[in-house]
Amino acid sequence: MSDAPFKNPGWAGNTGEFDLTEEQVRGDDFVGDRPKHGGHASGAGTLPYMLAEKNPEAKLFEGEYQERFEKILTRYPTKRAALLPTLSLAQELRGYVSPESMDRVAELLDLSPAYVRGVSTFYTMYNKRPVGRYLVQVCTNISCNLCGADEVLEAFLSYTDTELGETSEDGNFTTIEAECLAACGFPTCVQINSRYFENVTPAEVPKIIEHLKTKGGD
Amino acid sequence: MADDLVTLTIDGHEVSVPKGTTLLEAAKTIGEQVPHYCYHPGLSSPAMCRLCLVEVEGAPKPMPSCVTTVMEGQVVRTMSEEAKGHREGVLEFYLLNHPLDCPICDMSGECDLQDYVHLEGRKQGRGVEPKRVFGRDDFGGDVLFYGDRCVMCTRCVRFMSEVEQDERLTVVERGNRSVIDTFFTEGLEGTNWHGNIVDICPVGALVSKDFLYKARAWDLDHTPSVCASCSQGCNVMLHTRDNLVHRVKPRENLEVNGWWMCDHGRMDYEWINDGNRLEAPLISEDGVSRRAVGWKDALGELLGRAEELEAASVRAVASARASNEDLGALAELVGALGGGETVFRSPRAQEELVLKGFPKLARRKDLAPNVKGAELLGMRRVGDDAGAGGLDSVAEHGSIVIVLGDVLADQGEDFGAGADLYVYLGTHDSPAAKHADIVLPVTSHAEQEGTFTNHEGRVQRFWPALQPPGMARPAWLILGALDAELTGEGAPETAAELFGKLSDAVPAFGGLTYPDLGTQGASAKVGAGAGS
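Residue numbers (numbering that gives the first Met the number 0), protein chains in the order written: chain A, 0 to 217; chain B, 0 to 531.
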């Protein structure tokens, strides 16, 4: 235990029982980096967000992705059951789930394209439109809202000079609202790609954005 | 009481129903129709509309009656204050985003939302928030989608995936934003049964483009009939107004078509409304000019000319679109005039279009309703798959030629030129009737009573939905009167009487009568009299 008075460092789980610094927990891969090969035994994309090297035209699936797709199929009793991880994989590769991706995934899994569209629009973690390198999801549900989530959202929008759901000109930031991120104890919670930022205030927004730009930006 | 029956009390009435019956179906047996949207007897029950909630004694919560099965000794109240209160609450939610555009909605008058809200809804809405707006979407084919009217019962989605088994529709998005849609620009084109989703839509969300703004539901008369577009014999309702058929809807018959019918048959009704009809008997003086006469003169002339002929032989062309009664009367008349052969033609499709989720039902290859009936009555099929050709021996026949119902579209003006007596009975005139000595106007199946025999030998009744044009009369009435004059027997006065005689005479019909047939039809003994 350090002698310093306990201050919530901004991520869930540190109750002071572990002597880990924020740097140790988060490491250098602040955002933007992700496990190179999907990082999950299933071969599925564990983090269905943007890759820096996104390619909306990428073929579904070939090479390493083909192998991962085949691995996904082996883990489910029916092809239909493999739909969600397959969509994740498509999003990992192309950055978002386009109508073409849905059609191709439907073909691969012997499903109807309409059914795949229904599923992929039901789940909010599939991006139906291209998003920036950093997908900023500001929780505006009750707890966060009471603690000023609207101002945080407004700060992200104005600092990145975008409208809600649109991507900034440099292609870096897309800001959207999220329903509860399950971090009600640390409002306002903001999820940027796979990483949570907690207790965010409007004043901290420029710092976060500059950090992203320098650490993981172009 | 048998073991497989369960006795329970619904609204104070004791009912016994088979094990596994749902409360909703059990309530139907005592005439209680529990309001519901998502439940349809031909589809799976997701219990998602929450409208069929009823009070079950002992249950902690209201139960959805469409999936709750009956239990011994259960006490169910579908109309108690509590049950009504639940439904009133659910209905209030349904109206949250409903546009209430009944005055311009095609479904108005036959809409379940309208009915239930009138019956059990709040008298006044409490919503103050603006309603979300989707607008409308063209689903392709005959279907137009009004998103705002939708109650998300997903009957259409389930029909396409479970019954048609071509999953073109889906629920897109979630929660408040969810809406029925197709896959982007792909529509319902190319599917053969999508008209049914308009029928099963409980509200005005899915409407028929063909019927759009044509008539109000309450102005339409409904007449039970049989689809005349193929030999399946789907039971249908003809919806008519101002002596015109405005649309065709399937009529429930689990033995034939379930609740469904194909788009081919559904859209094939304009010909019934065709105004270009024969309206009076015509007598040809010399093969050049025609004279309209009354029925008495026409039939008298016909009989007079027939009597002049000695040792006559008859060649007749019948139509597989004519009823059993028409064909039976024709067969009798042919016999009375000296005997001969009767042939018929019918177009034939390349393949059957089977409804995968209800394989009993298909658009059959024979595109006429009474091919089986004509065969059972000993008529011989000629011609090709387009329903053309095969009439050379009739066209050049020298004695008596009778044509019933076939417009002879492929025949030239010299058809029957060499006949001593050429009688043409039809709904429409034809160039091939130029040499007809006597032309008699007959009614279509929508204007007369009768029966068709479907592909598997099921005899089904249809009823007159329209007034016949001018002096047109049912063919059986005309032919029966002629036959009576020739044989000296009494003429049939009703189709029922004629069918009774027919089924006594033809073993295949096995003594069936109209009361036996009822509204759902009955099977003839197929094979017994076929081809005799």
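No lab work stands behind these hints, which were simulated from the structure alone. Source: prediction; values computed, not measured. Ideal placement from N, C-alpha and C gives every residue a C-beta, glycine not left out. One thing to keep in mind: the hints can contain errors.
[Stated by the list, open to error] Far from chain B, by Cβ distances over 12 Å, these chain A residues were calculated:
(1) P55
(2) E63
(3) P98
(4) N144
(5) E162
(6) F185
(7) T213
[As the list claims (entries may be wrong)] Here are the simulated DMTMM-like pairs of lysine to aspartate or glutamate, each with C-alpha atoms no more than 25 Å apart in a straight line:
(8) B/K130 x A/D149
(9) B/K355 x A/E106
(10) B/K433 x B/E455
(11) A/K78 x B/E172
(12) B/K355 x B/E172
(13) B/K433 x B/E251
(14) B/K248 x B/D413
(15) A/K127 x B/E185
(16) A/K127 x B/E446
(17) B/K208 x B/D296
(18) A/K53 x A/D149
(19) B/K248 x B/E446
(20) B/K248 x B/E269
(21) A/K127 x B/D137
(22) A/K78 x B/D165
(23) B/K130 x B/E71
(24) A/K78 x B/E251
(25) B/K130 x A/E176
(26) B/K433 x B/E351
(27) B/K248 x B/E395
(28) B/K208 x B/D165
(29) A/K206 x A/D149
(30) A/K127 x B/D147
(31) A/K58 x B/E185
(32) A/K78 x B/E166
(33) A/K212 x A/E162
(34) B/K130 x A/E162
(35) B/K83 x B/E24
(36) A/K127 x B/E172
(37) A/K78 x B/E412
(38) B/K18 x B/E71
(39) A/K206 x A/E176
(40) B/K18 x B/D383
Quick rundown of the hints versus the structure:
| no. | hint | in the structure |
| --- | --- | --- |
| 1 | P55 | holds (16 Å) |
| 2 | E63 | holds (29 Å) |
| 3 | P98 | violated (5 Å) |
| 4 | N144 | holds (18 Å) |
| 5 | E162 | holds (19 Å) |
| 6 | F185 | holds (26 Å) |
| 7 | T213 | holds (37 Å) |
| 8 | B/K130 x A/D149 | holds (23 Å) |
| 9 | B/K355 x A/E106 | holds (21 Å) |
| 10 | B/K433 x B/E455 | violated (38 Å) |
| 11 | A/K78 x B/E172 | holds (22 Å) |
| 12 | B/K355 x B/E172 | violated (28 Å) |
| 13 | B/K433 x B/E251 | violated (44 Å) |
| 14 | B/K248 x B/D413 | violated (41 Å) |
| 15 | A/K127 x B/E185 | holds (18 Å) |
| 16 | A/K127 x B/E446 | violated (55 Å) |
| 17 | B/K208 x B/D296 | violated (47 Å) |
| 18 | A/K53 x A/D149 | violated (30 Å) |
| 19 | B/K248 x B/E446 | holds (17 Å) |
| 20 | B/K248 x B/E269 | holds (14 Å) |
| 21 | A/K127 x B/D137 | holds (22 Å) |
| 22 | A/K78 x B/D165 | holds (17 Å) |
| 23 | B/K130 x B/E71 | violated (45 Å) |
| 24 | A/K78 x B/E251 | violated (36 Å) |
| 25 | B/K130 x A/E176 | holds (21 Å) |
| 26 | B/K433 x B/E351 | violated (37 Å) |
| 27 | B/K248 x B/E395 | violated (43 Å) |
| 28 | B/K208 x B/D165 | holds (21 Å) |
| 29 | A/K206 x A/D149 | holds (18 Å) |
| 30 | A/K127 x B/D147 | holds (23 Å) |
| 31 | A/K58 x B/E185 | holds (22 Å) |
| 32 | A/K78 x B/E166 | holds (16 Å) |
| 33 | A/K212 x A/E162 | holds (19 Å) |
| 34 | B/K130 x A/E162 | holds (24 Å) |
| 35 | B/K83 x B/E24 | holds (18 Å) |
| 36 | A/K127 x B/E172 | holds (11 Å) |
| 37 | A/K78 x B/E412 | violated (63 Å) |
| 38 | B/K18 x B/E71 | holds (9 Å) |
| 39 | A/K206 x A/E176 | holds (20 Å) |
| 40 | B/K18 x B/D383 | violated (52 Å) |
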